[in-house]
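The residues making up each chain are set out below.
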Amino acid sequence: MNEVLQVNQLKKYYATQKAVDDISFSIERGSIFGLLGPNGAGKTTLLRMITGIFYPDSGSIYFDGKVFNPANDIVNIGYMPEERGLYKKMKIGEQALYLAQLKGLSKSEAMEKIRFWFKRLEMETWWNKKVEDLSKGMSQKLQFVTTVLHEPKLIILDEPFSGLDPVNANLIKDEIYRLAQNGSTIIFSTHRMEQVEEICDQIVLVNLGKKVLDGTIVDIKQQFKENKFSIKLQEVPSDINEGAFNITEQKDKELIVKINKGFKSNDVLNYFIQHQYNIESFNEMLPSLNEIFIQLVEGTTATTRAFENNLTVS
Amino acid sequence: MNKIRLIIQREYLSRVKNKRFLLTTILTPLLMVLFFVGATYFALQGKDQHKVAVIDQNGFFKGNLSNSEHLVFEFPEGIDTSNYLTKGYTDILIIPKFNGTQKVNYIIRSKKRIGLNTEETISNKINAAIEDNMLQNAGIERAQLDSIRKESQFAALTSLEEQGDSAKESNAALSYGIGFGSGMLIYITMFIYGAMVMRGVMEEKTNRIAEVMISSVKPFQLMMGKIIGIGAVGITQFVLWIVLIVGLTTAAQLLIPHDVLVQVNTLQQYNGQIPAGGMVQASEAANKIYSIQHTMSTANWPLIFGCFIFYFIGGYLFYASLFAAVGSVVNEDPQDAQSLMLPITMPIIFSFIIMSNAVQDPNTPIATWASIIPFSSPMVMMARIAYGVPGTVTYLQLAASMISLIGGFLLTTWLSGKIYRTGILMYGKKVSWKEMGKWILRKN
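Line by line, the protein sequences give chains A and B.
Mapping of the first sequence onto my numbering: position 217 corresponds to residue 217, and the numbering continues sequentially without gaps.
Mapping of the second sequence onto my numbering: position 199 corresponds to residue 513, and the numbering continues sequentially without gaps.
These are calculated hints, taken from the structure and not from any lab test.
Take these hints with a grain of salt, some might be off.
For lysine to any residue, the following SDA-like pairs were computed, each having C-alpha atoms within a straight-line distance of at most 20 Å [what the hints assert, rightly or not]:
{"#": "1", "chain 1": "A", "residue 1": "LYS264", "chain 2": "A", "residue 2": "GLU242"}
{"#": "2", "chain 1": "A", "residue 1": "LYS130", "chain 2": "A", "residue 2": "GLU94"}
{"#": "3", "chain 1": "A", "residue 1": "LYS89", "chain 2": "B", "residue 2": "ARG324"}
{"#": "4", "chain 1": "A", "residue 1": "LYS11", "chain 2": "B", "residue 2": "THR736"}
{"#": "5", "chain 1": "A", "residue 1": "LYS91", "chain 2": "B", "residue 2": "SER328"}
{"#": "6", "chain 1": "B", "residue 1": "LYS752", "chain 2": "B", "residue 2": "LEU739"}
{"#": "7", "chain 1": "A", "residue 1": "LYS18", "chain 2": "B", "residue 2": "THR736"}
{"#": "8", "chain 1": "A", "residue 1": "LYS228", "chain 2": "A", "residue 2": "LEU269"}
{"#": "9", "chain 1": "B", "residue 1": "LYS532", "chain 2": "A", "residue 2": "ASN69"}
{"#": "10", "chain 1": "A", "residue 1": "LYS89", "chain 2": "A", "residue 2": "TRP127"}
{"#": "11", "chain 1": "A", "residue 1": "LYS211", "chain 2": "A", "residue 2": "GLN17"}
{"#": "12", "chain 1": "A", "residue 1": "LYS88", "chain 2": "A", "residue 2": "TRP126"}
{"#": "13", "chain 1": "A", "residue 1": "LYS107", "chain 2": "B", "residue 2": "ARG324"}
{"#": "14", "chain 1": "A", "residue 1": "LYS210", "chain 2": "A", "residue 2": "ASP57"}
{"#": "15", "chain 1": "B", "residue 1": "LYS333", "chain 2": "A", "residue 2": "ASN128"}
{"#": "16", "chain 1": "A", "residue 1": "LYS88", "chain 2": "B", "residue 2": "ARG329"}
{"#": "17", "chain 1": "A", "residue 1": "LYS264", "chain 2": "A", "residue 2": "ASN227"}
{"#": "18", "chain 1": "A", "residue 1": "LYS88", "chain 2": "A", "residue 2": "ASN128"}
{"#": "19", "chain 1": "A", "residue 1": "LYS88", "chain 2": "B", "residue 2": "VAL330"}
{"#": "20", "chain 1": "B", "residue 1": "LYS602", "chain 2": "B", "residue 2": "PHE350"}
{"#": "21", "chain 1": "B", "residue 1": "LYS331", "chain 2": "B", "residue 2": "ARG319"}
{"#": "22", "chain 1": "B", "residue 1": "LYS744", "chain 2": "A", "residue 2": "THR16"}
{"#": "23", "chain 1": "A", "residue 1": "LYS18", "chain 2": "A", "residue 2": "ASN39"}
{"#": "24", "chain 1": "A", "residue 1": "LYS11", "chain 2": "B", "residue 2": "ARG756"}
{"#": "25", "chain 1": "A", "residue 1": "LYS89", "chain 2": "B", "residue 2": "GLU646"}
{"#": "26", "chain 1": "B", "residue 1": "LYS748", "chain 2": "A", "residue 2": "THR16"}
{"#": "27", "chain 1": "A", "residue 1": "LYS107", "chain 2": "B", "residue 2": "ASN316"}
{"#": "28", "chain 1": "A", "residue 1": "LYS136", "chain 2": "B", "residue 2": "GLU517"}
{"#": "29", "chain 1": "A", "residue 1": "LYS232", "chain 2": "A", "residue 2": "GLU254"}
{"#": "30", "chain 1": "A", "residue 1": "LYS130", "chain 2": "B", "residue 2": "ASN521"}
{"#": "31", "chain 1": "B", "residue 1": "LYS532", "chain 2": "A", "residue 2": "PRO70"}
{"#": "32", "chain 1": "B", "residue 1": "LYS748", "chain 2": "B", "residue 2": "MET655"}
{"#": "33", "chain 1": "A", "residue 1": "LYS153", "chain 2": "A", "residue 2": "LEU105"}
{"#": "34", "chain 1": "A", "residue 1": "LYS173", "chain 2": "A", "residue 2": "MET193"}
{"#": "35", "chain 1": "B", "residue 1": "LYS317", "chain 2": "A", "residue 2": "LEU105"}
The following block holds chain B by itself, in its conformation from the complex (with noise of 0.2 Å):
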C-alpha cells in the first residue's frame, strides 16, 4: 500500500508542479469570462442596421409598423426592387393587398441575407400591424387600444413542486442550468483526464520504464496509481476553480454600491417585497440581484454538490481504468489508440446526447434507465437530480444508479488491470480484440 501511495504522489505531483497546470487553471475560467463577455458583447454591437422601404398596397400599415432601434420602416413614394438599393434602403418588403381571411405572402428583398432573428421580428410586426388594424376595424379606439397595451400586466409564473406536506418553489430554467453544467462538465473532464491517463500509460511503454516499474510494484499498483493521482489532480482543478469563481463572484460584490445590498436584504426579509413606507423604493439593480438569488435559493445545493462529486469521481474511474487499458496496447503508433479509443468515446458522446434530452425531459423512459446503467449514469444522472429528489428522480433509481456505478468500474478496472498486465509489456505487435479477450480470460 505505502508503494501505490508513492506512485499517486509522483502523479499527482509532477502534474500539479507543472507550469501548464497552474496556468490553465487560472485561465480556464477566465477565457470561460472572456467568451461570455465577447459573446454578448457581440450579440449586442453585431445586429446589422436594416432600413426597410415597404410597399403597402392595402394602405394601413403606415404608423402601425413600428421602429426599433436597428429596424426602421419607411413609406416612400415612388420605390420599386429595382431603385430601393440606390435611395439608401437596405431592405424591400412587399405586401399584396388582402382581404383578411386568406394567408397571403409577404415578400421581403434584401442586399445581405437576413438574420433568422431580424426575420422572425419583423414578421412578428406585420402580424402586430394586422392584429391591430382587426381590433380597430371591431370598433375599438385607437386611443383604447394604446392604453390596453401600456397598462396590461404580464403574468409571471411561479410553478411548485410537492415535497411531503408542504410545496417547493421550483424554477425549470436553473434546473436546466444546473443539469446541463454539471453533465458537461462530467462529460469534458471525462476526456480531459481519460486522455490524460491514456497519455501518462503510453509514456510509460514507449519509455520502457514499465519494465523497470514492474520489477519493483505490481502493474496492478501502477495502473491505479495512475489513475487516482490524476484524479486527485482533476478534484484540486475543481477545487482551485470553486475557489476562483467564490473570490471572483465576492470581488464583484464589494463593487455594488452600499444602499443596493441593504435593498437586497431587505427584499430578502420580505420575501420579494418592500414593505409599504419603506424609505426608499427598491432600484432596479437592486431587484435583479434579489431575483438572482432568490432563484438561486431553489435549488437543493448540497445534494446537487455531493453528487456531483460522487458521479464525477465514478465516472472517472469507470472510464479512466478503460483508458489505461486503451494505452497499454497502443504501440508508438498514435493512429492505433484513435481506433482502439473509439469504443470508450462513443458511449461517452452517445450518453452527452442522452444528456442533452433528459435535461429538457428528464423522465422519460430513456432518460431514466440511461441515467442508472453506470455507462451513462455519471452524466445523465447529473441531468435529472437537477430537477429534485425524490420528485423527478425516485430515491430508488439514485441508489440503483449509485450502486450500478460503484459495481461498473469495479468491473472495467478489473478488465482493464487484465489487459493492461499484459498489454505493458507487449511491444511492437498490434494487439487485436480478441487477444485482449484472451487475457482477460487468462487466469493469473
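Okay, chain A solo, but in the shape it has when bound (with noise of 0.2 Å):
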C-alpha cells in the first residue's frame, strides 16, 4: 500500500467534449510524477478531479488507501493552479497567513511555518508587501510557498518554472526534490518536455482526454527505442557495407547508425574493431521525451474527441 494516488476510470464530460475519457493510473509515494500533455488534452481537469473542485462523471479516486473525500483531504493537497492568483491588495505575510489557516494550520504553527519558508527562499524581508508590488518571478514563488505552507502529502504543481529565471527556478527544483525526500509525493504538469526529463520519476501523457502513455522515464524510453547509436571514430571509412547496422547520419567523424532487426549493438562494435579503426567513444541514442510527445500527438485533432452524434448533426 504505498500509493498515495490512485485514479481508476476517471471521466468527466462537458456538454460538447469528453474532458477526460477513461483515465487509470496510481503514483507511488514519494516520487515525483509528470502529467503531460498538449494544451486542451484534459489536464487541468484530471487535476481538478484530484484536488476535488470538480466531481467526476464516473469513476474513483484513492487517496492515502481511503476513497478520496474531498472535505477531509483537501488539507493534505496543495495545489498550484497554472493560473496563479493572488489577493493583490493584501500584504505578503498576511496573505500566506491566511491561506496556511484555510488548511486548517493555527495561527502559531502557520507563522513558524511562514517564518521558515521565508528564511529558506529569502522572503524574509518582504512580509509586509503588497503583492501588486511584487514581480512575477517574486509573486511565482510566493504562490509556491503557499502551496507547500502546510506539508500536504500531495503537492501538485501545475506550470511551476513558468515566468521564473533560472536562478529562481533551480531554487524552486531544489525544493521540490528536498520535498519530494521527506515523503511528500509531486505531480508535476507541463508541457516542457526538458524539465520532465530532468524531474520526473514517472508520467502519464494524456492526449484528447485519453491516457496514451504511462510509465517511468527509462521504461519509456526503451519502448520507443529506435535502436540507434553515435559512434565516434578517429578516422572514418570511406566505406562501409554491412549488413547489421545501416548509417543515418554522419557528422565529421561522429556516425549515427540504426541496428537493424537481428542485431546487437556488439555487432557494430565488432564490425569496427575487425577493420581496426578506433573507436571514441559508442553511445546508446535514446529519443528525447520531447520527439516521443510530437510522436504521438502529432495529427491528432480536438474533434476526434468530440461525441459521434454531434458530428452527425452538425
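Got two chains here, each in a separate frame; can you build the complex from them with the hints?
Listed below in C-alpha cells is the structure:
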C-alpha cells in the first residue's frame, strides 16, 4: 500500500467534449510524477478532480489508501494552478497566513512555517509588501510557498517554472527534490519536456482526454527507442558495408547508425574493431521525451474527441 | 465552519481597515448635513427680487395687494409693456376689467421667467384681494376685516389611532419621514453593498485566486464568507453613523441655553402647556424643541428599529447572493456585468417606486402585496411599518412578510451558490442565461 494516489477509470464529460475519458493511473509515495499533455488535453480537468474542485462523472479516486473525500483530504493536498492567483491588495505575510489557516493550520503553526519558508527562500523582507508591488517571479515564489506551507502529502504543481529566471527556477527545483525526499509526492503538470526528463520518475501522457502513455522515463525511452547509436571514430572509413546496421547520419567523425533487426550493438563494435578503426565513443541514442511527445500527439485534432452524435448533427 | 469564519474575518478586516471606509463613514453624515444646510441656505437666499408694476383696470387692487420681502407691487402712472423695464420694474401685471362673475385672465410679463413659487404667491395675493373686495362690497368694514384676520386662530389637527382601548397620537408627516428614510436607506445600501459583493467576486475571479481558494474551501463557503463579511461592514457603518448622529445631537444640545432646556422639561411634564402662575412664559425655542421631541415620541422606535435591522439584513442577503452569482459569471469585460445586473437592479428600482407610493398611501393592495413579496418587501414594508403595527400592517402581514423574506433569501442563496460554483472557474466564455439555468438544475 505505498500508493498515495490511485485514479480508476475517471471520466468527466462536458456538453461538447469528453474532457477526461477513462483515465487510470497510480502514483507512488515520495515520487515525482509528471502529467504531460498538449494544451487542452484535459490536464486541468483531471487535476481539478484530484483536488476535489470537480466531481468526476464516473470512476473513483483513492487518496492515501482510502476513497478520496474532498472535505477531509483537501488539507493534505497543495495545489498550485497554472493561472496564478493572489489577493493583490493584501500584504504578503498576511496572505500566506490566511491561506495556511484555510488549510487547517493554527495561527502559531502557520507563523512558524511561514518564517521557515520565507527565510529559506530569502523572502523575509517582503512581509509588509503588497502583492501588487511584487514582480512576476517574486509572486511566483510566494505562490509556491503558500502551496507547500502546510506540508501536504500530495503537492500538485501546474507549470511551476513559468515566469521564473534560471536562478529561481533552480531554487524551486531543489525545493521540489527536498520535499519529495521528505516523503511528499509531487504531481508536476507541464508541456515542457526537458524539465520532465530532468525531474520526474514516472510520467503519464494524456491527449484528447485519454491516457496515451504511462511508465517510468527509462521504460518509456526503451519502449520508443529506434536502436540508434552514435559512434565516434578516429578516422571514418570511406565505405562501410555491413548487414548489421545502416548509417543514417554523419557529422565529421561521428556516425549515427541504426541497427537492423536481429543484430545487437556488439555487432557494430565488432565490425569497427575487426576493421581496425579506433573507437573513441559509443553511445545508445534514446529518443528525447520531446520527440516521443510530438510523435504521439502530432496529427490528432480536437474534433476526434467530440461525441459522435454531435458530429452527425452538425 | 472555522474556515468560513476566517473568510468572513478577511473580507471584513480588509475593508474596514481601508482608509476609504473610514473616510466615507465620517464624510457621509457630514456631507448630508452640509447638503441640507446648503439647500436651506439657497432656498432662503436664492429668491429673486420682484418689483411688479400693476396696471389695474378695476381700481381696487391698490392697497389691497400685500407686499412681501421679495415681492413688491407698485401702481405707477403711464406704464405699459414697452417701458416697464426701463423704469426699473422686473415684471408687469395686467389686470383686465372684470365683472366679478366670470373668470378673467391676468397677464404677467417678466424680464426673466418667474418661478413656480412666485407665480403661486402672486396668484394667491390677487385672489385674496378680490375676496377682500367682495367682502367689503357685502358690507363688511375694512377695519372689521383687518381685526378678523388678526385675531382668527388656525386649527391644529391632532390625529389619533385606535390602539386597543385607548387611542394613540399619530403623526402622518413623521411616519412619512421614517418610512421614506428607512426605505431609501435600504435601497441605497442594497446597491452599495450588493455591488461591493459583486466586485469582490469579480476580483477573485479575474485575479485567479478563486481556484487556489476553491482547492482549500468549498465554493459555497467562499461565497457566504464574502456576503456575511461585507454585510458586517455595512452594519458597522450603520452603527458608526448612529453613534455619530447621537454624538452630534448631544453636542448640539449642549449649545442650547440652560433656561430653554428647563422650559422644555416643564413643557414635557405638563403636556405642552406652561402651568398658570409659572415663572416664565415658554420661549419660542423651547416650544419648538418640545414639539420636535413630542412628535418624535409618537413613533414606536423599538419596533421600527428592530424591523429596520431585520429588513436590512434580509434584503441584503436576498440580493447580495444574486450579485455574487452575477459577479461569478462575468469575465474581464465590465460591460457583461452591466447587462447581467439588469434583472437584479430592475426589481430593486421597481420596489423603490412602489415604496415611494406606499409611503403616502400605505394600504393600497399593491403596497400590501409588495410588502409581503420578498423581492420588494424590505423597502415597502419599512414604508408601511412606519404607519404603525398592527394598525396599518397587521401582525399576519408582518409575519408573512418576514417568513417569505427568510424563505426568499434561502432560495436565492441556494440558486446563486449553484451558479457561483460553476461560474467562478469558467473563463473566456460568455455565459448565456440558458447555461446558467442548466447549472442550477445540475446535481452535485
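Now for the hints, and whether the structure bears them out:
1. A:LYS264 x A:GLU242: Holds, at roughly 13 Å.
2. A:LYS130 x A:GLU94: Holds, at roughly 10 Å.
3. A:LYS89 x B:ARG324: 12 Å, holds
4. A:LYS11 x B:THR736: It holds: about 18 Å lies between the C-alpha atoms, which stays within 20 Å.
5. A:LYS91 x B:SER328: 10 Å, holds
6. B:LYS752 x B:LEU739: 16 Å, holds
7. A:LYS18 x B:THR736: Holds: A:LYS18 and B:THR736 sit about 17 Å apart, inside 20 Å.
8. A:LYS228 x A:LEU269: Holds - the C-alpha atoms of A:LEU269 and A:LYS228 are around 13 Å apart, at most 20 Å.
9. B:LYS532 x A:ASN69: 13 Å, holds
10. A:LYS89 x A:TRP127: 13 Å, holds
11. A:LYS211 x A:GLN17: Within the cut-off at roughly 16 Å; holds.
12. A:LYS88 x A:TRP126: Roughly 14 Å between the alpha carbons, so the hint for A:LYS88 and A:TRP126 holds.
13. A:LYS107 x B:ARG324: 14 Å, holds
14. A:LYS210 x A:ASP57: Given that 20 Å is the threshold and the Cα spacing comes to 15 Å, the pair holds.
15. B:LYS333 x A:ASN128: 17 Å, holds
16. A:LYS88 x B:ARG329: 14 Å, holds
17. A:LYS264 x A:ASN227: Roughly 9 Å between the alpha carbons, so the hint for A:LYS264 and A:ASN227 holds.
18. A:LYS88 x A:ASN128: 13 Å, holds
19. A:LYS88 x B:VAL330: Holds, at about 17 Å.
20. B:LYS602 x B:PHE350: 19 Å, holds
21. B:LYS331 x B:ARG319: 18 Å, holds
22. B:LYS744 x A:THR16: 16 Å, holds
23. A:LYS18 x A:ASN39: With a Cα-Cα distance of about 14 Å, the restraint between A:LYS18 and A:ASN39 holds, given a limit of 20 Å.
24. A:LYS11 x B:ARG756: This hinted pair holds, its Cα atoms lying about 17 Å apart.
25. A:LYS89 x B:GLU646: 18 Å, holds
26. B:LYS748 x A:THR16: Holds, because 15 Å separates the two Cα atoms, which is no more than 20 Å.
27. A:LYS107 x B:ASN316: 12 Å, holds
28. A:LYS136 x B:GLU517: 18 Å, holds
29. A:LYS232 x A:GLU254: 4 Å, holds
30. A:LYS130 x B:ASN521: 14 Å, holds
31. B:LYS532 x A:PRO70: 9 Å, holds
32. B:LYS748 x B:MET655: Roughly 16 Å separates the two Cα atoms, so the pair holds.
33. A:LYS153 x A:LEU105: 15 Å, holds
34. A:LYS173 x A:MET193: Status holds; Cα separation ~15 Å.
35. B:LYS317 x A:LEU105: 11 Å, holds
Against the hints set out earlier in the document, no violation occurs for any number.
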